[in-house]
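Listed below, chain by chain, are the residues.
There are 2 protein chains.
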Amino acid sequence: MNERTLYDGILAGNRRAVARGLTWIDEGAARGKDLAQHLFAHAGKARVIGITGAPGVGKSTLVNTLTISLRRLGHTVGILAVDPSSPFSGGAILGDRIRMQESVDDQKVYMRSLASRGHVGGLSRAAFGAITLLDAAGFDTILVETVGAGQAEVEIMRYAQSVLVVLAPGLGDDIQAIKAGILEIGNVFVVNKSDREGADLTVRSLRGLLSLTPESGEWSPPIVKTEADHDVGIDQVIDAIERHQMYLRQHHRLNDLRYRQAEHVLTQSLDDIRNEVETDFRQQVLWKEAVEKILSGEDASRYARNLFGLWLNATAREE
Amino acid sequence: MNERTLYDGILAGNRRAVARGLTWIDEGAARGKDLAQHLFAHAGKARVIGITGAPGVGKSTLVNTLTISLRRLGHTVGILAVDPSSPFSGGAILGDRIRMQESVDDQKVYMRSLASRGHVGGLSRAAFGAITLLDAAGFDTILVETVGAGQAEVEIMRYAQSVLVVLAPGLGDDIQAIKAGILEIGNVFVVNKSDREGADLTVRSLRGLLSLTPESGEWSPPIVKTEADHDVGIDQVIDAIERHQMYLRQHHRLNDLRYRQAEHVLTQSLDDIRNEVETDFRQQVLWKEAVEKILSGEDASRYARNLFGLWLNATAREE
Chain A
1 MNERTLYDGI LAGNRRAVAR GLTWIDEGAA RGKDLAQHLF AHAGKARVIG
51 ITGAPGVGKS TLVNTLTISL RRLGHTVGIL AVDPSSPFSG GAILGDRIRM
101 QESVDDQKVY MRSLASRGHV GGLSRAAFGA ITLLDAAGFD TILVETVGAG
151 QAEVEIMRYA QSVLVVLAPG LGDDIQAIKA GILEIGNVFV VNKSDREGAD
201 LTVRSLRGLL SLTPESGEWS PPIVKTEADH DVGIDQVIDA IERHQMYLRQ
251 HHRLNDLRYR QAEHVLTQSL DDIRNEVETD FRQQVLWKEA VEKILSGEDA
301 SRYARNLFGL WLNATAREE
Chain B
1 MNERTLYDGI LAGNRRAVAR GLTWIDEGAA RGKDLAQHLF AHAGKARVIG
51 ITGAPGVGKS TLVNTLTISL RRLGHTVGIL AVDPSSPFSG GAILGDRIRM
101 QESVDDQKVY MRSLASRGHV GGLSRAAFGA ITLLDAAGFD TILVETVGAG
151 QAEVEIMRYA QSVLVVLAPG LGDDIQAIKA GILEIGNVFV VNKSDREGAD
201 LTVRSLRGLL SLTPESGEWS PPIVKTEADH DVGIDQVIDA IERHQMYLRQ
251 HHRLNDLRYR QAEHVLTQSL DDIRNEVETD FRQQVLWKEA VEKILSGEDA
301 SRYARNLFGL WLNATAREE
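Chains as they are written, first to last, in the numbering used here: chain A, 1 to 319; chain B, 1 to 319.
Hints may contain errors.
Said to hold, decoys possible - Restricting the straight-line Cα-Cα distance to at most 20 Å, the calculated cross-link-like pairs of lysine to aspartate or glutamate (EDC-like) are:
#1 Lys293/A / Asp256/B
#2 Lys45/A / Glu263/A
#3 Lys288/A / Glu263/B
#4 Lys288/B / Glu263/A
#5 Lys293/B / Asp271/A
#6 Lys45/A / Asp8/A
#7 Lys288/A / Glu276/A
#8 Lys293/A / Asp34/B
#9 Lys45/B / Asp256/B
#10 Lys45/B / Glu298/A
#11 Lys225/A / Glu197/A
#12 Lys293/A / Glu263/B
#13 Lys293/A / Asp272/B
#14 Lys225/A / Asp195/A
#15 Lys293/A / Glu278/A
#16 Lys225/B / Glu242/B
#17 Lys225/B / Asp195/B
#18 Lys45/B / Glu292/A
#19 Lys45/A / Glu292/B
#20 Lys288/B / Asp271/A
#21 Lys293/B / Asp256/A
#22 Lys45/A / Glu298/B
#23 Lys288/B / Asp256/A
#24 Lys293/B / Glu263/A
#25 Lys288/B / Glu278/B
#26 Lys288/A / Asp271/B
#27 Lys293/B / Asp272/A
#28 Lys225/B / Asp235/B
#29 Lys288/A / Asp256/B
#30 Lys293/B / Asp34/A
#31 Lys108/A / Asp8/A
#32 Lys293/A / Asp271/B
#33 Lys45/B / Asp140/B
Unchecked claim - Examples of chain B residues lying across from chain A (beta carbon under 7 Å, computed):
#34 Gln37
#35 Leu266
#36 Leu295
#37 Gly297
#38 Gly309
If you are wondering where the hints come from, they were derived from the structure by calculation, not from laboratory data.
Bear in mind the structure is a predicted one, so any value in this text is a computation, not a measurement.
For glycine and all other residues, C-beta sits at the position ideal for the given N, C-alpha and C.
Make the full structure from the sequences, and use the hints.
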């Protein structure tokens, strides 16, 4: 399948094309980067909902029940599960995913895991590309689930319009939340497993913490209690998401986000050129000559400029 | 102090200039990057010894006693303690350092801590710059100490010629060592606190692990038992370092390392240009126009190329 066929297939919502395209993007190579870049202009229609929280709070179950409810409301749902932790935990998570995939299996739902390849920047870029692809493929709602709250997760959540932070009673999440700066990125807080002891305490301490957090605009993040296992509170979560989306529209925040994403595509393109300059010249005599000049005391930046200039000329002739 | 004065002061070995220069480099801003780049051609004379190992194995004490012995042999010693862990642990480590600094205080020793600024790449670059500076300032031996064995430490150890991996009995270091790939980077292994129970077991299990590691060339890493607290085994460590340095010279490895470092200066310069392109254009109309074109479906890479081209022209006129 060449890029053109793939591209057309994705825009037509063809599942095989979507799967292949996501594989390209997950690889992190040039063809995946190009594909995501070319699809970008066709994205921007979906609601992108981030779902994050510590392991064990029930994020997968919540995503599962949310998806079922969203389907009942007539939405098409793309799900992206991003796991930036070590490859060793990948197995268990994949197992969960497969079970979940079965439970929501229909043609209007697409689910995919992105695993860490040991490179935080690469994972974040793959996540952005995958969201772009699912959006361009016509899924009207995209759920992006990340585990924990490290640097990679916070970065990935920046691509989401509405971020759900999921907690559960008795996991000491309040402390964890402050440490990771996760309170600042949450637009809706979900206290899951709320039939467990300590749920009200979790809600109260969360409310206390939120009152200390500087408010961003007029939106004050609601706290929703759920029992995702028993389908309790899911409608309220969807309602909270819809109110947040309305808020974003009314305050033109969706346009701002879309603009920042286009900026991100441009800065990624700057990265790509810098990397291509290195890759294209590394095996050439010119590179070796530059290194030897630097060893003999000449200014490295002059040679770096020179490589950029030569690369621009050489690739301009190709076009 | 301007860059020229600072530069001359550092090359003359002036301590105030060295201190100021290291501060510039630690800041991570343009002036520190330029300084390190300009000093590079004057470096390459020092022996750069990396010292790494888990917390609690006695690295600081070992560095301290090593320094005293090296001074007795007439060497000048620059010490760089790099701590990529969270800023919260900075206090304790700084306390240790100050005590150590007192114990070895003379004009032929210079000691500096580099703290993490939450950016792995930045820390690694600062470490490389600081090594370059101490080398250019005329210290003939540079000890670079890192804590643990994360990605940042392994990267920083690539700048060292001889890497000492320090272990201690009863810390389960053998397991930790395999996990972190630290066996592969060690040229000399030091089992410190060897008066403790289990020292021989640690040596034996280490020897077993090393026998499974593919040998790199003809060098088989020796294992040296020390009690740094009681100045036991330090001469043997220095002897092992000298034998490794001899091996490197005989196999032209020092030239290879120096070549790779010059390559690194060149790739850093490529990074700098990419970042300057973004910084210089971000507030300009051109940037906004490019972003809007990308939003309307045009190819981002064309605009990225254009920015590089414009930047090269604009800065060429400045020179």
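### Holds or violated: Lys293/A to Glu278/A, with C-alpha atoms at most 20 Å apart
17 Å, holds
### Query
Under the criterion that the straight-line Cα-Cα distance not exceed 20 Å, is the pair Lys225/B, Glu242/B satisfied?
17 Å, holds
### Message
Hinted pair, alpha-carbon criterion (20 Å max): Lys293/A, Glu263/B. Please report holds or violated.
### Response
11 Å, holds
### Query
Are the Cα atoms of Lys45/A and Asp8/A separated by 20 Å or less?
Satisfied, since the Cα-Cα distance of roughly 17 Å is no more than 20 Å.
### Query
Do the alpha carbons of Lys45/A and Glu298/B lie within 20 Å of each other, as the hint requires?
18 Å, holds
### Message
Lys288/B and Glu278/B were given as a pair; does the straight-line alpha-carbon distance stay at or below 20 Å?
### Response
Holds, at roughly 12 Å.
### Query
Are Gln37/B and chain A close enough, Cβ to Cβ, to be under 7 Å, as the hint says?
This hint holds: Gln37/B lies near chain A, its Cβ roughly 5 Å from the closest one there, short of 7 Å.
### Task
Measure nothing beyond the straight line between the CA atoms of Lys293/B and Glu263/A; if it is 20 Å or shorter, mark the hint as holding.
Holds: Lys293/B and Glu263/A sit about 11 Å apart, inside 20 Å.
### Query
Given Gly297/B as an interface hint, is the shortest Cβ-Cβ distance to chain A below 7 Å?
Cβ of Gly297/B sits 3 Å from chain A, so the hint holds.
### Task
Quickly compare the C-alpha distance for Lys293/B and Asp256/A to 20 Å and report which way the hint goes.
With a Cα-Cα distance of about 15 Å, the restraint between Lys293/B and Asp256/A holds, given a limit of 20 Å.
### Task
For the pair we were handed, Lys293/B and Asp271/A, check the Cα-Cα distance against 20 Å.
Holds - the C-alpha atoms of Asp271/A and Lys293/B are around 19 Å apart, at most 20 Å.
### Query
Are Lys293/A and Asp271/B close enough, with their CA atoms no more than 20 Å apart?
Status holds; Cα separation ~19 Å.
In this structure, none of the earlier numbered hints is contradicted; all agree with it.
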